[in-house]
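Novice: Protein chains in written order, with full-length UniProt numbering: chain A, 1 to 329; chain B, 1 to 329.
Okay, derived cross-link-like pairs now, DSBU-like style, lysine-lysine, Cα gap no bigger than 35 Å in a straight line:
1. A/LYS23 with B/LYS22
2. B/LYS100 with A/LYS22
3. B/LYS22 with A/LYS52
4. B/LYS291 with A/LYS71
5. B/LYS157 with A/LYS95
6. B/LYS326 with A/LYS267
7. B/LYS157 with A/LYS53
8. A/LYS21 with B/LYS23
9. B/LYS267 with B/LYS180
10. A/LYS157 with B/LYS44
11. A/LYS21 with B/LYS100
12. A/LYS157 with B/LYS71
13. B/LYS10 with B/LYS23
14. B/LYS22 with B/LYS44
15. B/LYS150 with A/LYS95
16. B/LYS272 with A/LYS272
17. A/LYS71 with B/LYS44
18. B/LYS44 with A/LYS150
19. A/LYS291 with B/LYS95
20. B/LYS52 with A/LYS100
Short, incomplete list of chain A residues facing chain B, as computed with Cβ under 7 Å:
21. CYS33
22. ARG49
23. ALA51
24. GLU63
25. GLU231
26. HIS234
27. PHE237
28. PHE265
29. TYR323
30. TYR329
In short, the hints are calculated from the structure, not lab data. Note that the structure is predicted; figures quoted are calculated from it, not measured. Ideal placement from N, C-alpha and C gives every residue a C-beta, glycine not left out.
Protein chains: 2
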Amino acid sequence: MSTELVVDVKKQVQAALEEVKKKTIENVFFVACGGSSALMYPSKYVIDREAKKIDAHLYSSNEFIHRNHNKLGENSLVILCSHSGNTPETVESAKFARSKGALAVSLTNVEGSPLAQASDVVLKYEWGEEANAFTTNYSVLYQLVFGVLKTIENNDKFALIEESLENLQQVHEKAAELYKGNAEDFGQMYKNENIIYTMASGANYGVAYSFAICILMEMQWIHSHAIHAGEYFHGPFEIIDQETSFIILLGLDETRHLEERALEFSKRYGKKLIVLDAADFDFTGVREEVKGYIAPLVLNYVLRTYADRLAEERNHPLSTRRYMWKVEY
Amino acid sequence: MSTELVVDVKKQVQAALEEVKKKTIENVFFVACGGSSALMYPSKYVIDREAKKIDAHLYSSNEFIHRNHNKLGENSLVILCSHSGNTPETVESAKFARSKGALAVSLTNVEGSPLAQASDVVLKYEWGEEANAFTTNYSVLYQLVFGVLKTIENNDKFALIEESLENLQQVHEKAAELYKGNAEDFGQMYKNENIIYTMASGANYGVAYSFAICILMEMQWIHSHAIHAGEYFHGPFEIIDQETSFIILLGLDETRHLEERALEFSKRYGKKLIVLDAADFDFTGVREEVKGYIAPLVLNYVLRTYADRLAEERNHPLSTRRYMWKVEY
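Using the sequences provided together with the hints, build the complete structure.
Specialist: This is how it looks when you write it as structure tokens:
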């Protein structure tokens, strides 16, 4: 991978941490919309488990502004993300955060974008098939979050996560190669489905959420819903039958038991089950202590290949939209 | 309403607050599953907006245990709920909370149930058509939550909410009467739908979630998903067309703008829209300052009449299950 970009990402993260050091951060707000919000779910999981003092909250941008959380203030770090840097609610959220005295750190693919301009610190991430995983959104966010935990609370996992992320690209590629046949089968077998549920828990729930709302609903116009694997048994599981399809994710974090239980039940009463199990992947280069945190990133990467195969089989490119960016809203 | 039960509820809440006073509470965890979890969403909204110091977190019971939030400890108040008091994950959560030194306060309909036995304090709520709204789950939880805010932070809304809840039953009944025709139309017009989405934001999102997973998926085997009205424009809205049905809730809280925007867009591109607008209801007896917090309770009550009409038209009683309480899981 390009050493230059790696060095650049590390420099950017260090610059953000320098700003964090100047404040007394008591809580972190993760603020974004849609897929950019989904990518923050694992980071909330990390802070929930790792932080001794800092609290983490996650809100969709417009909810963040109007809910007006009473503890948002000068001791808050607000982490925002918008790929284009153009999402109006997220740009407004950055302004709102700063008006309350908070430190606004934004991730975006577009330097100089409105979000970049509205923020105290900007982290530019890479994107697309050429980009090395170390320089992409999930990785940059993790470097920031573990960096914050190290800076404020002396948490010891920053070096472990940085080393693991440097090796992430090869984990991604090996996992996608291993599941290549499965992805092709998925495209062929599920191309005519009207509804496909997704399911996960813990650090992986955001990946299920993203696939449901961004890939299936937005890009394929297929009905969907991300079901929390623990909530499954308290309502949603009554929907499963031989005809209803479920994508079930199994991660490697502390909630894996919930996902396994949901899968076990689904196998008994359902038939159309698409299972992605991170335990199948080769995590060479990823440190044992952070595997559970890294798993959702790999699941997300592999799922993207599922999306590609589905779009191909349905002859419905992932870029097709009828409303987004096309009509007023 | 029965003065005896009202006095009893108030006594129970005061007894819980006496226990709260003995501790130094820094955060509140809302822990339950399915519908019992959904009823806690408005309370998280309340704490987010009202609390100066206390943080609020909400997790499905099994996620709560396995995620193992690092700030759960002896300065935590864990509020749990299970209607039967029998939900294994929630009973385990109470034990887990107490093992960490937290104060476990549980709501249940069944005195002496396993959850009641596993908790430090038990609040028994009433249930069913005979029960006055003041004595039911949403109301008892609000009395507890506003009581905690008063006890710990001198928040001044406890008396306002108590007075408003004492008048809630009549608000419920008038609202249901006003929407009676709409509920009948809903049952007749939507009885053959395969999928019905629900949508809301802020204090009302939990009500949309509950209707989606408990009423539609669990009790009617109709596909569903509760879409956050702010997230709608970042993925889910691509699904709407003339054939796709949406129940859209409009509350009275600070996020109402999000719900209005979602409705306005949906009107342009959709046709099958079921709208429940709390602004139509007569809130006499509810104090202006807490109307936004009370609205989801009324929306929930009215939606239950929608569920009744739908079940009736579909000849599929709300009590029908194929897996829940019937098979192992």
